[in-house]
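Trainee: Residue 60 in my numbering sits at position 60 of the sequence shown; the count goes up by one each step and never skips.
In short, the hints are calculated from the structure, not lab data. Any given hint could turn out to be false.
To be verified - In silico SDA-like pairs for lysine to any residue, Cα to Cα no more than 20 Å straight-line: (1) 760 to 717; (2) 220 to 231; (3) 618 to 666; (4) 222 to 262; (5) 848 to 760; (6) 136 to 666; (7) 401 to 277; (8) 720 to 741; (9) 285 to 389; (10) 618 to 564; (11) 848 to 913.
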Amino acid sequence: MKIKNNTSAKVNPFTVVAIIGVLCLSFFVLTNTTNSTQKEVSKTTSLNNEDLNTRTTLPTVEYNELFSSSDYALHDDDELSIYLMSGTAIPKVIYAYKNEPSDRQLTDNFFLHVYVKDSSKLKGKAQFANVDFIQKPKTFLIEGKTYYVFQRDLTSSSYKEGHIPINNIDYINTGRFKPTVGRSLDLRKLDPSNIPSGQLYNGLDHIEITISKKAFDKIKNKRDDALSKGIHISQDDDLVNGSVRLNDEEDQKTELRLKGDWTDHLKHENKWSYRLIMKGENTFKGMRKFSVQHPVVRNYLWEWLFNKAIKDHDLVGLRYSFADVTIQVQDTTTTKIPMGIMAIEESFDKILIENNKKREGIIIGFDESLLWKDREKQRMLGLESNAQSKTLHSLANAQIKVFNENKVLSDPKLLKQFETAKDLLEGLRQGKYQPSDVFDTDKLATFLALTNLFGGYHGLIWHNLRIYYNPITNKLEPISFDSNSGTRLSKMLEYPMSKNDTILHEKVLEKLKVVSSSSFVTELIVRHTKELEQLEESLYTEYNNELDLDILTYNSNFIKKQINPAVLITADLVSFDKSHMKVEINNVSGHPITIESLLDTEGRVLSTNKSAITLKEKSSTVVDFSLSNYFVNAFVSKKNKKGTFQYPKDVQKLRISHYVNGISTKRNAPIAPFSKNQSLDKSIAYYKNAKAQNFQEFSFIEEQEGQILIFKEGVHEITKDLIIPSGYTIQITPGCHLDFKNNASLLSYATFLSNGTKEKPIKFYSSDSTGRGIFVSNAAQQSQIHYSTFDNLSNPISAIWEVSGAVNFHESDVIITHSSFINNRCEDGLNIIRSSFSITDSRFEGTKSDAFDGDFVTGTLERCTFLNAGNDGIDVSGSELYLKDITIKNPSDKAISAGENSLIKGQDIHVSGGEIGVVSKDLSRVELTNLSIIDTRLGISAFQKKSEYGVASITLKNTTLQGNELDYLIENKSSLILNDITVKTVSDNVIDQMYGKEYGKSSR
1 MKIKNNTSAK
11 VNPFTVVAII
21 GVLCLSFFVL
31 TNTTNSTQKE
41 VSKTTSLNNE
51 DLNTRTTLPT
61 VEYNELFSSS
71 DYALHDDDEL
81 SIYLMSGTAI
91 PKVIYAYKNE
101 PSDRQLTDNF
111 FLHVYVKDSS
121 KLKGKAQFAN
131 VDFIQKPKTF
141 LIEGKTYYVF
151 QRDLTSSSYK
161 EGHIPINNID
171 YINTGRFKPT
181 VGRSLDLRKL
191 DPSNIPSGQL
201 YNGLDHIEIT
211 ISKKAFDKIK
221 NKRDDALSKG
231 IHISQDDDLV
241 NGSVRLNDEE
251 DQKTELRLKG
261 DWTDHLKHEN
271 KWSYRLIMKG
281 ENTFKGMRKF
291 SVQHPVVRNY
301 LWEWLFNKAI
311 KDHDLVGLRY
321 SFADVTIQVQ
331 DTTTTKIPMG
341 IMAIEESFDK
351 ILIENNKKRE
361 GIIIGFDESL
371 LWKDREKQRM
381 LGLESNAQSK
391 TLHSLANAQI
401 KVFNENKVLS
411 DPKLLKQFET
421 AKDLLEGLRQ
431 GKYQPSDVFD
441 TDKLATFLAL
451 TNLFGGYHGL
461 IWHNLRIYYN
471 PITNKLEPIS
481 FDSNSGTRLS
491 KMLEYPMSKN
501 DTILHEKVLE
511 KLKVVSSSSF
521 VTELIVRHTK
531 ELEQLEESLY
541 TEYNNELDLD
551 ILTYNSNFIK
561 KQINPAVLIT
571 ADLVSFDKSH
581 MKVEINNVSG
591 HPITIESLLD
601 TEGRVLSTNK
611 SAITLKEKSS
621 TVVDFSLSNY
631 FVNAFVSKKN
641 KKGTFQYPKD
651 VQKLRISHYV
661 NGISTKRNAP
671 IAPFSKNQSL
681 DKSIAYYKNA
691 KAQNFQEFSF
701 IEEQEGQILI
711 FKEGVHEITK
721 DLIIPSGYTI
731 QITPGCHLDF
741 KNNASLLSYA
751 TFLSNGTKEK
761 PIKFYSSDST
771 GRGIFVSNAA
781 QQSQIHYSTF
791 DNLSNPISAI
801 WEVSGAVNFH
811 ESDVIITHSS
821 FINNRCEDGL
831 NIIRSSFSIT
841 DSRFEGTKSD
851 AFDGDFVTGT
861 LERCTFLNAG
871 NDGIDVSGSE
881 LYLKDITIKN
891 PSDKAISAGE
901 NSLIKGQDIH
911 VSGGEIGVVS
921 KDLSRVELTN
931 LSIIDTRLGI
941 SAFQKKSEYG
951 VASITLKNTT
961 LQGNELDYLI
971 ENKSSLILND
981 ITVKTVSDNV
991 IDQMYGKEYG
1001 KSSR
């Protein structure tokens, strides 16, 4: 049965497509006690210890049965039915109009007066619990009939406990009214005594958390203490043991504690927020650490949608979902405490980073413990907020923290990353860096633009910042967290510590222009409409909160006004003569402005200044315009036949051409004929400490027109890092031999063209084994390597940064032919990351570890040979790879390895000798034809290594296995189809036999 739901709310054109999609909700199917597929859920249970009794259950009914019968009806007539549903946590009254409502039925307020049996539960002198409300209806089409539905939770500020239990309701008076006009509906003494218990089915995953009575008491005492203080401060010993189960899966061991700083995480009777940490190598829905919390603390669906937008744009976002959650307390009897619909939010560890397809790197932020200890002290003493310590609340005094501290501090590689990231963040805090120095500027700008669009101000408070250090780029990247999205902007949101960063500011403006466009907003919503529909359906069964997409429209319009204000500059004439005109220009906008030229009202350029002038936001300067020869005749008129400039009347004919940096639209401003008499403040400087280009210091490099750098033929020593900035193209001449010494590397952010010939190959090597290697990143065009040899190189490294390959291409597409990678002295011979590539007719030999390593790549290898690899011959993660005519001999570990959801296809593959032939693991697929594996210890294996991924598969056709100690070892649930025959699986723990334990090589 398809149930459509539309709203009568006004729809903004920006999101008309998306809103219609999202608001076409399908109300969920509910089953009653006569339904053979009845589902059972727990009755709301008080959390007092003495009330922890054995579980009771509620039946559910189908929604079409609810509307077509009177079982749950408080009132039923030809026009209107009113239903009472007890629910898992809070009872709900549902009003369903059966015909198209009149104007007053659509717009009148509801009065809902609940008279209770125990009047001591009412506050003050109240005679009933007032639940009046006003609401727009939702329309539902059920089997051809339209219903207009309103619903209201039975919660009232006049009832001491907030929500009103059905067993304390004597009767209900309800109806409709318009202030100053009167009532249009008046129903009295509706009796709930014969209404059976029932609830709406939400269709979400069910999570059951099980803890002991002792553990629950510890948590409850912690919660009571937090409620009394108004603040919750977690401690190391708060964790209790428990287990968690998803739907009908097996229980998994976990530790959990309360989470949240403010008591909004704890004040609800049932819906307390928890942090869960899985034990051992267990993961839950692919996560090792996650939170369970009331959807209200992240503004319901807004945080989900914000994280989707973040991930859509290659930023690090959290997995965020919703589930129906129950706490099971075990004692002599078992009690189930239904929490209802809760939000599930991923926490911070390596799995988060890898799920975002990034290389493992540390996560840092600022420690907020000083702030919360001060707030706790303030509240304990009954002081107002103005008594807070500015010192303890200051970003300047917060310590930098690293997530998963024990692991990081005990791992030398991660510790080195932490020291680097910590120094970058500390330098930023002290003003020695700007954000554009230490962050990936494009990603930070995109993050800020999306944060503004969503009104996610809360995520930019300093103690909510979460930051990923990317060990490949040696840059910081923002992570979305606790944005509180879904609020209307009242000012533009900025990243902390970024006030004077003009580079970041300009990039943010570029991104704001994009995200504020109507097409961007519409496409964002349309992209996620299906999931939004499903989640709105689910959440509506318990919460009346709606996703008001007009907020995105409002914020996009707010952004447009901010980046394109009505007025950008004011201009005042200072002085002029026949050849010069000085104009004082005041930037009244919040953005850097470029002053381009002096014009007349017809758009003709009157100045000859060769370079534009950039004027910072809210600053002023005097611009000296050199006047063109045309200026003399620019003002010819019937009254001024000579055409000379006549002051002051001709000033009104002058304009200043200018534009906002990052926004290409040019604007013209008039000039006032009288100038201000004030001096100018000049010279705004900020600290930059980044590696500067130095190719000019190398005599064998010749710069040619078009920013082309020619590496001359001959033997040249490189004894210090050679750094090529973006915007250039490197062209290495055939016969050029580069000898790397003294830990020197070539670091290029430019397109890399090493086009040797068969007669004159290009060589990169280290004659004394002291040189490093090559790193190409973010090249603008596809790089090329032909007839080139890379011999005896190691990975580029510095005191704060390193990569794993002797030759590395990061986010830089490359074609490689007729080349060799031999005798490298580091982890990988060739490492390609987040790029597309093609490698043909090339050789990999004598590599220390992996010969070819691809991370999140798409590419082909054809007619290539891999000899004597110190680890894997071909190793890819998160990638798609095509192989053809490949020979691999004597790898110390695996000839071909597919990991982390990779796909390898190919034909004509020949593997001989070595440890293992072909391996597929962790949700990867390998599909090969014409494969031979000869004389290996283990021919083929498929298994799951990492719990956050799934099983693996291998399909081989026309395959020959000969002389191997063991032809295949396939883990249960993984699969191997060999020459159209599915082979038997033999083990649940193949990994226990891999990585040097029985087969292969240790990864340590």
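Trainee: Compare the structure with each hint and give your call.
Mentor: Hints versus structure:
no.	hint	result
1	760 to 717	holds (18 Å)
2	220 to 231	holds (15 Å)
3	618 to 666	holds (19 Å)
4	222 to 262	holds (13 Å)
5	848 to 760	violated (27 Å)
6	136 to 666	violated (45 Å)
7	401 to 277	holds (19 Å)
8	720 to 741	holds (8 Å)
9	285 to 389	violated (41 Å)
10	618 to 564	holds (15 Å)
11	848 to 913	holds (17 Å)
The structure fails hints 5, 6 and 9 (numbered hints given earlier, in ascending order).
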